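Asks: The lines below spell out each chain.
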Amino acid sequence: QKEVEQDPGPLSVPEGAIVSLNCTYSNSAFQYFMWYRQYSRKGPELLMYTYSSGNKEDGRFTAQVDKSSKYISLFIRDSQPSDSATYLCAMRAMGSSNTGKLIFGQGTTLQVKP
Amino acid sequence: EAGVAQSPRYKIIEKRQSVAFWCNPISGHATLYWYQQILGQGPKLLIQFQNNGVVDDSQLPKDRFSAERLKGVDSTLKIQPAKLEDSAVYLCASSARRDFTSQFFGPGTRLTVL
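Sequence order for the protein chains is A and B.
Per our numbering, the first sequence starts with residue 1, numbered consecutively.
Per our numbering, the second sequence starts with residue 1, numbered consecutively.
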């Protein structure tokens with residue numbers, strides 16, 4: 001079993017729709033939860049990160065973490081064609097203070113149609 | 001602020017040949033990472049440097065992969081000899097000291113091994 005599971009999609013939605021992207025994980029030591037966006041032939045770009053449980057909002061993006069269910073979500077409101085990309089969840093455990101190792105999901109490909 | 005620079009962007013080699021990738025992190029970032037991203041998967045950490053010291057190389061195939069960061073700035077990743085399964089995008093990322101959550105990625109080097 002992979003430490004982080006993410007449905008690869010693809011997910012296709014009309015412009016203006018609310019998008020829900022999700023990841024599940026198995027490692028209880030994960031404390032930092034991140035969402036990256038990756039456009040084709042580009043490197044991943046950090047969108048948001050959350051420490052432990054709870055919600056975080058940034059413009060049209062909302063990240064949620066439910067540690068009891070080992071489940072994280074990213075919601076995109078009023079989706080735009082420019083949001084079309086692969087969305088990667090990533091997680092980091094609390095452990096050695098020097099370790100920045102991120103464990104990534106495989107990514108969900110999103111297409112927003114005009 | 002300039003981002004993470006990587007070169008070359010693309011490389012095609014025959015199996016058993018050697019190849020090297022170069023990375024220049026964001027100015028002032030003490031931590032540098034090399035990730036391998038196989039098509040359809042999320043990035044996997046190969047090695048993490050803190051200044052010019054190795055912090056984590058647990059997932060680096062040391063029989064064929066090597067990396068160095070001699071002066072604590074630029075880094076090179078080498079594969080010798082390459083195998084077909086090394087075909088992937090090699091991503092370099094950097095973060096400010098102790099801010100392991102905010103990792104900034106370069107555009108990557110796409111390697112094809114024939």
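There may be inaccurate statements among the hints.
Pair ranges (Cβ atoms, derived) [unchecked claim]:
#1 Q17/B with G16/A: 44 to 52 Å
#2 N55/A with I38/B: 46 to 54 Å
#3 S53/A with Q17/B: 46 to 54 Å
#4 K83/B with L11/A: 42 to 50 Å
Derived from the structure by calculation, the hints contain no laboratory data.
Just so we're clear, the structure is a prediction, and the values are computed from it rather than from any experiment.
Where a beta carbon is used, it is the ideal one built from N, C-alpha and C, also for glycine.
Asks: Going through the earlier hints one by one, which of them does the structure break, listed in rising order?
Replies: 2 and 4
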